[in-house]
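**Student:** Two chains, each in its own frame: build the complex with the hints.
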Amino acid sequence: MTKPLCDRSAHELVGLLKAGEVSAVEVLDSTLERIQTVEGRAPSTAPYTSQPGDENHVHAYITVTEGRARRQAEAVDKKRLAGDDPGALAGVPVAVKDIFCVKDTPSTAASRILESFVAPYTATPVERLEAAGALTIGKVNLDEFTFGSSNESTAFQPAPRNPWNPAYVPGGSSGGSTAAVAAGEAVLSLGTDTAGSIRQPAAFCGVVGMKPTYGRVSRYGLIAFASSLDCPGPVARDVTDAALMMNVIAGEDHHDATAASVPVPDYTEGIEGGVQGMRIGLSPDYFRLRYPDPGTGELREQPVLAEIEAATRAAAEKLAAQGAVIVDDVPMPNTRYGIPVYFVISRVEAASNLHRYDGVKYGYRHPGQVNELRELYRRSRKEGFGLQPKLRILMGMYVSGAQYEHAYYERSLKVRSLIRRDFEAAFDRDGAYNLDALLTPTTPTTAFMMGRVYGDSVLMQYADLLTVPANHAGIPGLSIPAGLAENGMPIGIQLLGPDFSEANLLRIGRCYEMSTADADWRSIKPQVLAKG
Amino acid sequence: MATSCFWEVMVVKKTHGSTQEEITRPVFDHLVDLAAFELDEDEAEYLRGELNGQLKAIAELEAIHIPADIAIATHGVPYPMENRPALRKDAVHSYPDSEAILEQAPEIEDRYIVVPDIPNEELS
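As you go down the protein sequences, you meet chains B and A in turn. The first sequence runs 1 to 532 under this note's numbering. The second sequence runs 1 to 124 under this note's numbering.
Simulated from the structure, these hints should not be mistaken for lab results. Only a predicted model underlies this, so the values are computations on that prediction, with no experimental measurement involved. There are no misleading hints in this set.
Example chain B residues on the side facing chain A (calculated, C-beta under 7 angstroms, incomplete):
(1) E252
(2) V360
(3) I393
(4) Y398
(5) H472
Calculated Cβ distances over 12 angstroms to all of chain A for the following chain B residues:
(6) T2
(7) D84
(8) P284
Glycine included, every Cβ here is placed at the ideal spot set by N, Cα and C.
Same shape as in the complex, but just chain A (with noise of 0.2 angstroms):
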């Protein structure tokens, strides 16, 4: 077996995928709303067509017979009580150097972050 066999493998079977999509170009507008992007045609087309193809690699989640004792892992690693560190105290610090914290900041007036007009918004 070559070294990178298992990649060609992937490779050329993926060239003769299907071509149905779950992330249509309406769906896919909208997430890069949500997200607050602006993309280029070349760059849109891309990340919707791995998009898709992440979406057909985990497909075979929905699949998978989940035992109704099978509760959701939110960390790998159980958190008993004595392995977790005490709480801090709730107590007010102050930082000792804020400019070098304002200093990251794009632009600043009189230690005020400076930003564009926000727009008025109706909530519905």
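In isolation and in its complexed conformation, chain B is listed as follows (with noise of 0.2 angstroms):
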């Protein structure tokens, strides 16, 4: 049987595209029918009850933006009938995390206080995407202003479910984006990565995910969380098609004045060049999970999933066989340090940026009638956040307390410090290990049941241990897919490396692909699609 379309990867499509053997519109409409079979109904932020059929749907969108679509595709394929070139991504459809500004779309965050919000500019991702050529087929779910690593926050629920087995999770905060493109409901998607959310839900549902070097796409048009770990980046179905997408994306921009005006290489070539030579490190650090116990503080030492080890030292074989040089035991001793920090950064920059939402300029106002403009903050902000957004901007305020200032977020951002050093140690030419990249698993287990873990914010967080460090250090980490657990779900190993090393990480991650292109695991297809 021949693959659907929706199923295919973006460089064949742009292929056959330009080849004119396929339309535009004829991939849009494949990549509709598979929504039409595995979405379910629409989510909302009315109160939730489970409906049957739930269960069983992937609900990674909350809102399809068809007629959009439509006209890109049908504009596609008028360029390409006149002789015009279509762009390099032509006809492919992207699903993009609704945390992005897209012009005329509900941009929601998915979050209450900015259900009614109508952006009235798009994002710059978004808009070399589109004017690459690509399809925007719709506005995927993810946690609440992108806060958790579950999905499970949403204010629009039916929240996503994991495609290869819908009673799991599907990751977070990109997890409608990475439940997408395992589903076919998108060939690519556009999500962001503030502390694993790219590569910890990629990992979850068997796709390729990558957080670029911070800077090296721009934020513009990016709802903020934590303005200095942000990174827009590629989730796809292959590591070719994360390299197209990087193309289209990276690069400076007069928007953003992070946004790095390094050149940007063009990073499909030699992607298929092989690792002769490369050095690629193995570190304990991120095999062993070192975390305070949370009852009594003394620190206890956990392995990470025993078949996500075997995959990882199994990659760094496979590896070695193309020719790589495989280092052991780099110390990467603050790894540990990740997550603590994290929860006073990532607060204390959520907390400054979620000020914004008062009732007054866009976004949901209490309806009611109040006295004054305090109460229409406070009573528009009670109803319009969900638990997570209030949790983060508390936390936030009490650690950027002018009494704990130094004990908390100074103490972090030179913990900050020590964490780049760690990973400068490791990558330094000249240095004992000199490396190209380091080979970690992405995440301690593999995905969790829903409802396994929510509301439980310190839990939750550990999920991000291992993918973490890259967002404090600045630097690229690619996810990539490396077979599945014997529960069915899937297994991520993460490729990090020098900030701006996008290319070679691309490169380890395709060799790393070749080479187990004949392996039982990959000729398995998620649940959600193995029924249908």
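**Tutor:** Right under this line is the structure:
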């Protein structure tokens, strides 16, 4: 049976389209048909009551922008027929995480407070995708304001579910993105990663996710969470597609002073050049988790899930067989501080960014009578924000209070430098390790069941234990699928590299992909597709 | 090791944790006021419990030895001049579609955003 168009890779689709073998409208229709089959009922902010069928659908989207995508598809087909270049991502359906502003679409951040907000402008990475011929097929769900690692905190319920087994979470916060791509409801997705929000759900859903170097992709039009950590990046079904998308979204932007002016290479060039002579490290600090006992504060240690460690070590062997030099025992001693530091820095920045939602200029306003302005603020924020934004704002305000600033915020910014130092030492060309990349598990466990962790904000944060150090250090990270656990859930492995080394990471990822092309697990489909 | 073993261990430990609280109810109420929130009672107790849990999780920050030469990092990635885009010219551009922005306001009258009375506050 021929593979449906919606399950093809972006690079394959662009080739077929440019050769005149398929039209953008056909690709769009195939994807809409898949959405019709697996998506389930549209989410809403009304009080959630479970309905029959909710538990076996994906629920990735908040808004499907069929009209916009169809106009774009028709324009692409017209261009191609006229002999013009329709663009590097011509006819490729892209789902945009609903944390990006897209002109004339509801841009909700999965929060009631922005439910009515229709963006008057388009975020730079989305604008670049659309200019490259991509079809904006919709806005996908996420944890409210990206605050979570499971998608369960979205105000738009039913929340996304994992296509590999809908009883499990897709991860988060870009869980709508990774679920949509895994289920063929989009070919690519634009996500964001502040502590692992692209890589962790990519690992949970068996897709590829890249967090670029901080500043590699513009944040203009991204609804801010933690401005010093937020990174937009690609979600794809294979490494080449992630590279193709990086080509389009990366680069300088005069709307964002932190978007680096470092030249953007062609990330697909040399991607199949192999890893001969590359030095790839393994660190014990990414195989055993060290964290303070939640009760006593005593330091505890736990290994990552054995199957995940095995998959990571097996990947190292595969890469060694392709000529890479594997360097064992690379010390990354400050890894374990990633979460505590994140609790401080991200909350302070979140509190600052979320003060703007006050019921006055845009977004939700308390509809009843109030006597004065402060009452309007309080009522609007009470009704508009869910629990997680409230929690983050309160925490951010507490730890940035004048009396605690030294103990918490300033100290955290210094510990962040220590975390960065670990990576600088590992990647130092004149250093003892001289690594091109570090190979680690992406997550401590595979996806957990819905309802298992949600509600416990400390526990949930630990899902990002192995991904958050890259955000503190600003370096790029790539998560790629590396098999399935015994329970059928995907395993992800992570490659971390020096600043602006995305091309190298993609090349290593592609090498792993090619060397495991025949692996049995690659032919297994997510449950929601196998059933159909 | 079962898939969710890590989570289970964490849950068990937490249940047996100490009950000492850093954020007492008066401290919490002050924060809620500063944050311009109103909370239902069950919401307030949940949030206060989580805040105290998070503070325990970050307590170890105090014990980290930080060498004297360590500076704060406001971003992980350094920003040397050669990586920075040139600054824009300090010029005024009128926004082409101000109506689209005004349309987002919950209540408008003659292109002004309507708000309730702004209370007078005595500044000390």
